[in-house]
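Student: Letter by letter, the chains look like this.
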Amino acid sequence: MSETTKLSIRGLTKRFDGSDTLHGLDFDVYDGEFLSILGPSGCGKTTTLRILIGLLAPDEGTVSLDGMDITRARPDERHMGIVFQDYALFENMTVLGNVEYALRFNAELKSRRREVATAVLDQLGLSEHLDKKIHQLSGGQQQRVSIARTLALNPDIILFDEPMSALDVETRLSLRGELKRIQREFGTTMIYITHDQEEAFALSDRVMVMGEGRIHQLATPEEIIANPADKYVSDFVVENLRIKMDSLARFMEA
Amino acid sequence: MGGGKARLTVTRIVLALFFLFAAILPLLGLFANLANPGAQAVFGTEQFITACINSVAVALTSTVIAVGLAIAMAWVLCRTNIRGKAAIGVLMTLPMLIPSLAHGMGLVFLFGSNGIITNLFFLDGSIYGFWGIVMGSVLYSFPSAFLIVYDVLKYEDALPYEAADILGIPKTHQFLSITLPYLRKPLISAVFATFTLVVTDYGVPLMVGGKCTTLPVLMYQEVIGLMNFDTGVAIGFVLLIPAVVAFLVDMLNADKGKLSFVSRGFAIAKNRVRDALGYLMSLGMSLFILLPLCSFAIVSFVTKYPIDLSFTFANVGRSFNMNAGDYWVNSLLIALAVSVIGTLLAYFAGYITARIKGRSAKILHLVAITTLAIPGIVLGLSYVLFFKGTFIYGTFAILILANLVHFFASPYLMAYNSLGKVNENLEAVGSTMGISRASILKDVLIPQTSETIVEMFSYFFVNCMVTISAVAFLATTLDMPLALLITDLDAQRLTECTAFVSLMILGTNVVLKLIMAGIKRAIRSRQECAVR
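Protein chains in written order, with this note's numbering: chain W, 1 to 254; chain L, 1 to 532.
Next up, chain W with everything else stripped away, as it sits in the complex (with noise of 0.2 Å):
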C-alpha cells in the first residue's frame, strides 16, 4: 500500500430532517488501501458512501479524485463501482448475462464483453455457473455476482455498503478471504462500510470510526486498540472486541 492520496474529503456536510447528518467530515483514502467505515446504524456511514460515489449530492464540501474535483460529476464518471447489501442483480439475467450486461454500456469493453466477463466471473469461482439464473445461486454466489460485475469494469474504487449483513457467519468468513485476495491481485482501493467491529478489524487497512454525523477516530486497527480516540471509541469498538475476546477465551482456556 503506497500513501498516495486516491480520494480527497474536505468539509463535507449534509443536513437532513432525522439522522445520517453529516457534520463537515475531512479524511483521505490512500490508493490500493482497504478502508473501512465503521458505525452504528444512523452515524451517516451510508449517506457519505451515497456522496462520494455520486448518487447524493452534499450541501457543502468536496470530493477530489487523483486531484480532480469529483464533487458534481455523475457516478459513471467517477471510475467507482458499488456493491450492495441486497446484491441488486438483474434477476430476469443469468450470471454472465449480469456481468456482460454491464459491459455493454462500456465504450471500450463493449467489444470483448464475453471474455471480460467469463474471466471475472472465473476468477470469482463462479464459472460453472455462468447459465444459472439468480435465483438459483445462494446469498453467497449472488453477493460474489454482484462483486464480478463491479469489478469486470476494472474500476478505481469499489464501495461496499455493508456487503455481508445478509449472508450466515461462515459464507461471511469465507467471502472475507475473497475479499483480501481480491485486493491483492487487482490492487483497486476498497471502502467498506460496517458496523461490524470485528469485520471492520479483520479486513482493514485502516478504520474510520463515525458516530452521529462526525470521525471520532481514523487510524490503523493496532492504533485504535492501543490508542482509542475518545470515550466513543473506547466503548463502541474497543470495549467490544474485547468482550468478544473474553466470551471465547473461557473456552480456550478450559
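Hint data in this document are derived by calculation from the structure and do not stem from the laboratory. Please note: incorrect hints may appear among the correct ones.
[To be verified] To spell it out: a stretch of chain W is covered by chain L in this simulated footprint if at least three of its residues, at any positions, have a beta carbon under 8 Å from a beta carbon of chain L; those stretches are: (1) 69–77; (2) 83–92; (3) 96–109.
Think of the CB as a built atom: it goes at the ideal place given N, C-alpha and C, for glycine as much as any other residue.
Add chain L to chain W, keeping to what the hints say.
Tutor: Quick look at chain L alone, frame taken from chain W:
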C-alpha cells in the same frame, strides 16, 4: 440522459392533463350542479328516501352473504384436502366475466315467473324484489370478495396453528382467535369493496328489482328516461359517499409494513367429514355460479323460452339483425383501445411512483388511487355535464376516456406493487455503470414485471367488455358497447337474444383469458429456458 429526462417530463404532463380533464374537472362540474334548486329538492322526496333505504338494506345484506361465502370458499380451498382446487378457484371468478345486467337476467331465467326452476319445483316466481337483488348482487360481487380473502389466506403461516395444537386449543377456537384476526385487514377491504360494488350497481336491480327501486336505478331512470339531470346529480352525490368512505377506510387500513414471505405451508391433516363438507360447499357455489351461465347457453338456442324449448339457431340471426355484431365490434374496439392506452398510462404512472419517487410522485399516487372511489355511474353523469357540446361528445373517444378513468386504479396498483418489489438499488447500480434509467426499464424492469403487464391488460379488457355504468349515459346508438344492448333487447322482450348477447360477452372474455394465460405461460417458459 437528457432525452430520458425530457421523456419523463412529457409522461408527467400527459398524466397530469389526463387526470385533470378526465376526472377532476368533470367531478367538480358535477358538484357545482348541486347548487341547482332542482337538485336540492330531490333529497326530501319520498321516492328518494325509499330508494336510499332499499339501497342500504340490499347492500348490507348482500355484503354479509357475499363476504361470508368468500371466507368459507377461501377456507375450503386453503385448508381442506379436496381435489381440483385450481379449477374451482378459476370457476369462482367466472361471474366477473359478464355484465351485472346478465346476472339479473340469469336469475330471471331460473327463478322468474316463467323460470326453469320455478316451473320445475312449482315455485311462485317471486324473485323480483329485495331477495332477487340480493341474490344477483351476491353473484356479482362474490368474486371480488373471494379474491381478496383467498389471496391473503393462501400465504398464512402454519406455525401459530402448530403451536395451538400443541397447547391443545380446539380448532373452532383456533379459527376465531388466529384465522379471523389474521384476516381482519383483508376482511375490512372485502366488506367495503363489496358494499360499494353493490350499492352503486344498477344492472342487477334493474333486471330483478321489480318494485324495489334502488338509488342507481332511480338515477338511471331519471337520467335516461326523463333526461332529469338534476335528480341524477343529487343521487350521484349520495352514491359518492359510500365509495369515498370505503376508499378512506381502505387507505387507513393499508398494510404499512412489508409482509414476510417466509411462511410455513400447511400440512393438512386427514379429515373425511371436513373434506366432505368442503366438496359440498364447492358444489353448492359452483352450481350457484354455473346455473345462470348455463341458462344463457340454453335460452340462447331455444325457439321461445319457456313455451317452446326446441333447438334453434334463429336467435343468433335475430341478435345480429339487432346489430349485435356491430356492437360487439364496438366493445372490442373500446376494450382494446382502453387496454393498450390504460396499460401504458398505468404502468408509467406506477413506474414514476414506485421507482422515481419524490413529491410529485406522491401526488400522482394519491390521485391515481382516488379514482377507485368514483362510481362508474357518477363518472358517466359528470362526463355528460362536462363534455356536452365538445367535439369528443358522442364519439368513441369519450367512452374510452370514461373507461380509462373508471378502471385505472386497480391496474395502476398492480404496476406500483410489482415495480416496488423489484430491487430498489438497480437504478443506483446502473448509474455507476453508465446504464440509464431507460435501459434499466427496458432491459430489467419490464422483463421482470411482464406477467403483471399481461394482468393489467386483461383487467382493463374484461372490465370494458362487461361495464354498463360509466358508459350508460355516454353511448349513442352508433358507438354503443354490446353490454348495453341487453337492456334494449330486454325492453323489446327479446329474451332469447339477451341470453345470446350475454353468452357473446362471456365467450369473448373467456377467449381473452385463455390467450392471456397462454402468453403468461410462454413468458414463464422463456424465462425458465434462460436464453441469453
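Student: Looking at the structure, which of the earlier hints fail to hold?
Tutor: none
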